[in-house]
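A.B. asks: Starting from the given sequences, assemble the full structure and let the hints guide the process.
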Amino acid sequence: DAGVIQSPRHEVTEMGQEVTLRCKPISGHNSLFWYRQTMMRGLELLIYFNNNVPIDDSGMPEDRFSAKMPNASFSTLKIQPSEPRDSAVYFCASSFGTGSSYEQYFGPGTRLTVT
Amino acid sequence: QQPVQSPQAMILREGEDAVINCSSSKALYSVHWYRQKHGEAPVFLMILLKGGEQKGHDKISASFNEKKQQSSLYLTASQLSYSGTYFCGTGQGSGGTSYGKLTFGQGTILTVHP
Chain A
1 DAGVIQSPRH
11 EVTEMGQEVT
21 LRCKPISGHN
31 SLFWYRQTMM
41 RGLELLIYFN
51 NNVPIDDSGM
61 PEDRFSAKMP
71 NASFSTLKIQ
81 PSEPRDSAVY
91 FCASSFGTGS
101 SYEQYFGPGT
111 RLTVT
Chain B
116 QQPVQSPQAM
126 ILREGEDAVI
136 NCSSSKALYS
146 VHWYRQKHGE
156 APVFLMILLK
166 GGEQKGHDKI
176 SASFNEKKQQ
186 SSLYLTASQL
196 SYSGTYFCGT
206 GQGSGGTSYG
216 KLTFGQGTIL
226 TVHP
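Protein chains in written order, with this note's numbering: chain A, 1 to 115; chain B, 116 to 229.
Check before you lean on any hint, since a few could be wrong.
[Said to hold, decoys possible] Derived DSSO-like pairs (lysine-lysine); straight-line CA-CA distance at most 30 Å:
hint	chain 1	residue 1	chain 2	residue 2
1	B	Lys152	A	Lys78
2	B	Lys183	B	Lys141
3	A	Lys24	B	Lys152
4	B	Lys183	B	Lys165
5	B	Lys174	B	Lys152
6	A	Lys78	A	Lys68
[What the hints assert, rightly or not] Between beta-carbon pairs, the in silico distance windows are:
hint	chain 1	residue 1	chain 2	residue 2	range
7	B	Asn180	A	Phe96	23 to 29 Å
8	A	Ile5	B	Gln123	29 to 35 Å
9	B	Pro229	A	Arg85	36 to 42 Å
10	A	Gln17	B	Asn180	46 to 52 Å
11	A	Ser87	B	Val119	25 to 31 Å
12	A	Met15	B	Val134	41 to 47 Å
13	A	Ser73	B	Thr191	35 to 41 Å
14	A	Pro61	B	Ala124	27 to 33 Å
15	A	Pro8	B	Lys174	33 to 39 Å
16	A	Gly16	B	Lys182	48 to 54 Å
[Stated by the list, open to error] One-sided excerpt, in silico: chain B residues whose CB lies under 8 Å from chain A:
hint	residue
17	Phe159
18	Leu164
19	Gly215
20	Gln221
It is worth saying that the hints were derived from the structure and are not from the lab.
Predicted model only: the values in this text are computed from it and were never measured.
Where a beta carbon is used, it is the ideal one built from N, C-alpha and C, also for glycine.
C.D. replies: Written out as structure tokens, the structure is:
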């Protein structure tokens with residue numbers, strides 16, 4: 001079975017540009033998570049969905065960030081406009097079932113560099 | 116609030132044992148352990164649920180003391196492949212929007228030398 005798929009794997013963009021990160025969760029999983037990882041802040045949860053519905057977006061840094069999950073097999077994380085401090089590795093993860101009793105499977109990540 | 120892991124880093128020789136601790140200031144429902152190698156995604160190791168159980172496979176095991184809000188990961192007879200950063204992720208359990216989310220510790224960097 002294919003794991004979590006993320007695209008692009010690397011993104012370099014200039015400050016002010018719009019960035020869209022994409023994620024395809026593991027088939028059959030009904031929870032999807034977006035994380036950001038930096039040296040300073042570690043691994044932070046940005047938002048998570050259950051059955052395509054956003055449940056908790058308290059980790060989204062500001063209004064420049066938005067996430068959607070139009071169907072069970074696709075999610076996007078958008079940053080508009082991007083800033084240098086958004087540079088990080090963004091991971092998408094999915095799990096089967098609700099609640100924190102289910103293991104999460106991480107995608108390979110998107111390394112974002114904003115210049 | 117982020118759980119606290121200790122130690123922050125450790126260096127071992129192949130064959131030595133290691134213990135990594137994870138402490139939370141909040142009541143826990145679950146503790147997850149992940150290992151991340153440089154430039155790669157975190158990989159799930161094991162999950163422990165409220166009930167104080169201990170789990171393990173091969174030479175890696177973990178315990179969960181819900182009263183102390185702590186978990187420990189035990190690495191026995193370490194191998195070179197054990198090198199990486201280990202993260203604990205804690206879940207607060209049922210109710211409210213925190214139901215599904217994990218909060219990760221800052222990580223413990225483990226280096227195993229021949």
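A.B. asks: To test your reading of the hints: which numbers does this structure violate?
C.D. replies: Violated hints: none at all, because every hint is consistent with the structure.
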